[in-house]
Amino acid sequence: MKSSKSLLTFLLIGLFLITTSANALAAVEAWTTDPATGCKIGIVFLTDGLTLVSANWSGPMAGGLAEGQGKLQFIYKDKSGTETKVQADAEMKAGKMDGHVSIKWSDGDSFEGNYREGLREGRGVYKFTDNSIYDGEWKAGKQDGRGVYKLADGRVYDGEWKAGKQDGYGVGKDATGKVIHEGQWKNGEPVKDGQAVGSSPGGALKADKVLGIPWGATDDQARSILTQRPNTKAYSFMNGKDAFDRWNGYSGPFADFSDAEIFVHFYQDKMWMVQVSWPLKEDQVIDRFNAVKQGLTERYGAPMVEKGKYLDSYGLWDLGGAGRGYTVNLQIRKNTIRYIASVDPATTHPFRVFITYYNQSVADLFNQTAKPGGSGSKDY
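One point on numbering: in the working numbering, the residue at position 98 of the sequence shown is 98, and numbering is uninterrupted.
Take the hints with a grain of salt, since some may be wrong.
[As the list claims (entries may be wrong)] In the DMTMM-like style, the derived pairs of lysine to aspartate or glutamate whose C-alpha atoms are separated by at most 25 angstroms in a straight line are:
#	residue 1	residue 2
1	Lys178	Glu189
2	Lys270	Asp318
3	Lys96	Asp48
4	Lys293	Asp283
5	Lys165	Asp135
6	Lys139	Asp89
7	Lys165	Asp98
8	Lys165	Asp153
For the record, the hints were derived by calculation from the structure and aren't laboratory data.
Source: prediction; values computed, not measured.
With the hints as constraints, model all of the structure from the sequences given.
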């Protein structure tokens, strides 16, 4: 019955968690009759070898089946004969849990959320005995859709699920909060193009993807990945190129922060730069800068360059890679991005904190007089 626990075996691959199914089978219904009322009750199992021992229903009936809101108790046993007792405040339909359910198992696990035809379906929170928590969407009794899984030791996966496994876009972090993999997952494992995020130095990339997009991705590839990100919508996909065959391919809100925006830039139809920026008031700027700086330092180590104070604060991290490699910088600039012609952004949010990931070799081709973020390039 507790498919989210019984179906998941947790393995460590390197530094992060993946899931694999164990003893899974198609849904099996087991029926019994409450001896006190004659009410028929159906329990749906997703784990092999479970047997329904007894069930009791305190609530309304229809046609001899549990129907409506009430209290459900049942006992089942596994192949070894070990019994588990279950108590639930549940909505029932045609004898099975259907609607909102608050359920607890005798070993300490619990679930609060929706059921459909005896299985978890829709939104729900599953709390494990060891204090791990899954908060997200379910389908046919398994994690499916968007969900956050927090382990008791501090590790976290936040992203898409399919049939009980990480599948789609997601971010995995270790117990210290360091990002282990950001991007696509498949069948419970991270999908890695080239070097993995956080790989060793000496030419290896520390970030093979930004926002889940691999370096050198085409416009179509970037568009597909970005539109799969939760809560991310395009403002525009722009095709106007300049004299350098350089163009902005995407702009839109950044899913992880409601007040942030992203800009993806292409050169010769390949992604070479990604910017994330926040429009801010003056009293918000330094706090946001320091918070982002801490996150980048946890992910990539101490900055290679760190200078300036207050509104001139600046940091730069070397991400490795072949040739001139890849870089990410962090800086504060005046907010000149105007979405409505009649509204001057300086009157409401005069500053922006920018994170800029870019390919240094491509930047060199543009014959800039200073590197992005340097003292001579505040308007880069």
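Structure-based check of each hint:
1. Restraint check: the Cα-Cα separation between Lys178 and Glu189 comes to about 18 angstroms, which is no more than 25 angstroms; the hinted pair holds.
2. Simply put, Lys270 and Asp318 have alpha-carbon atoms about 21 angstroms apart, close enough for the 25 angstroms limit, and the pair holds.
3. Our distance criterion of 25 angstroms between C-alpha atoms is met by Lys96 and Asp48, whose separation comes to about 19 angstroms.
4. Our distance criterion of 25 angstroms between C-alpha atoms is met by Lys293 and Asp283, whose separation comes to about 17 angstroms.
5. Proposed proximity of Lys165 and Asp135 is supported: the alpha carbons are some 14 angstroms apart, at most 25 angstroms.
6. With a C-alpha separation of about 21 angstroms, the suggested pair Lys139 and Asp89 falls inside the 25 angstroms cut-off, and the hint holds.
7. This hinted pair checks out: Lys165 and Asp98 have alpha carbons roughly 24 angstroms apart, not beyond 25 angstroms.
8. Straight-line distance between C-alpha atoms of Lys165 and Asp153 comes to about 20 angstroms, which keeps the hinted pair within the 25 angstroms bound.
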